[in-house]
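For reference, the chains in residue letters:
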Amino acid sequence: DAGVIQSPRHEVTEMGQEVTLRCKPISGHDYLFWYRQTMMRGLELLIYFNNNVPIDDSGMPEDRFSAKMPNASFSTLKIQPSEPRDSAVYFCASRPPRAMNTEAFFGQGTRLTVV
Amino acid sequence: GNSVTQMEGPVTLSEEAFLTINCTYTATGYPSLFWYVQYPGEGLQLLLKATKADDKGSNKGFEATYRKETTSFHLEKGSVQVSDSAVYFCALTDLRDDKIIFGKGTRLHILP
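Chains as they are written, first to last, in the working numbering: chain A, 1 to 115; chain B, 1 to 112.
For the record, the hints were derived by calculation from the structure and aren't laboratory data.
Chain A stretches covered by chain B per the calculated footprint, using a threshold of three residues with CB under 8 Å from any CB of chain B:
| hint | segment |
| --- | --- |
| 1 | 33-43 |
| 2 | 46-57 |
| 3 | 94-106 |
Pairwise CB distance ranges, derived in the manner of DEER restraints:
| hint | chain 1 | residue 1 | chain 2 | residue 2 | range |
| --- | --- | --- | --- | --- | --- |
| 4 | A | Thr76 | B | Val82 | 33 to 41 Å |
| 5 | B | Phe18 | A | Val53 | 44 to 52 Å |
| 6 | A | Met40 | B | Thr28 | 25 to 33 Å |
| 7 | A | Arg111 | B | Glu15 | 23 to 31 Å |
| 8 | A | Pro84 | B | Ala53 | 43 to 51 Å |
| 9 | B | Pro40 | A | Asn52 | 30 to 38 Å |
| 10 | A | Val115 | B | Pro112 | 30 to 38 Å |
| 11 | A | Gly28 | B | Gly61 | 28 to 36 Å |
| 12 | B | Asn22 | A | Asn50 | 27 to 35 Å |
| 13 | A | Val115 | B | Gly61 | 37 to 45 Å |
| 14 | A | His10 | B | Asn22 | 32 to 40 Å |
| 15 | B | Ser14 | A | Arg111 | 30 to 38 Å |
Idealized CB from N, CA, C, for every residue including glycine.
In isolation and in its complexed conformation, chain B is listed as follows:
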């Protein structure tokens, strides 16, 4: 079945550091890939998405590229801010499945 594996946290960085959160997936079909972000006390909200191979999703300075050859969708940001402190979830959907498959989430702490 489909699955998502993302790096475990917590990840602690200083402000303006470069961020990478790794995500790899297993899917039998042609999934769409997502990154969700959850700020403290809030629900999950979509950060970015990519629907086919080699697509790059981007939002708020974050980027992720759908790499079919490595089955990866790593999240990157060039210069993080304290306000980026949150939990980040990698996820996928597939036309063959109703459910959204989530990774376990990665907690990110940014120090001023």
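Next comes chain A alone, as it looks inside the complex:
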């Protein structure tokens, strides 16, 4: 397996524009997590899915943020409209079933810059 794949790796956009980040989890993993990392706040969990269903979105900062997982192999995180304070590195991670009590696997991240 190629691991967790995120795209794009880098995104620069203007304030007010819509941004869509994409993630392909590892096949067979039934958990998918979206994280945001900044110098000020560190690593924050935004939302996670189990079997394509959103379980906890309490970390989503505002209604401008939304996430979907239409099938087991694809998820998106959308910001509309984007603001400069959304600039961060966004990570996607996937994990096998909970019963395995094992680690999560991270993608390389998308570095978002909103100007």
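Model the placement of chain B on the given structure of chain A, informed by the hints.
This is chain B only, laid out in the frame that chain A set:
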């Protein structure tokens, strides 16, 4: 609830020095414990893990022992290299919880 506390950084050491990064945890069940490493510009990757008490995880010269009596999982390396400069995260999972609980991360700088 479950939590992880790790020493704050940054930690600056000279090459070949001995490294310890402290990590303690709180968990109601029987957690698995992990150390992740994040090199500059990259995602988090698993460095080592331990799934039960007294297990020792090891990789790339790093070691950590799962100590249930002290609820600790300290990361150690006998002789660090410049290439070990990175951010290190302690983490745990629990069969009762979907989430992975991360510490805040410790930035390590190794000077040549």
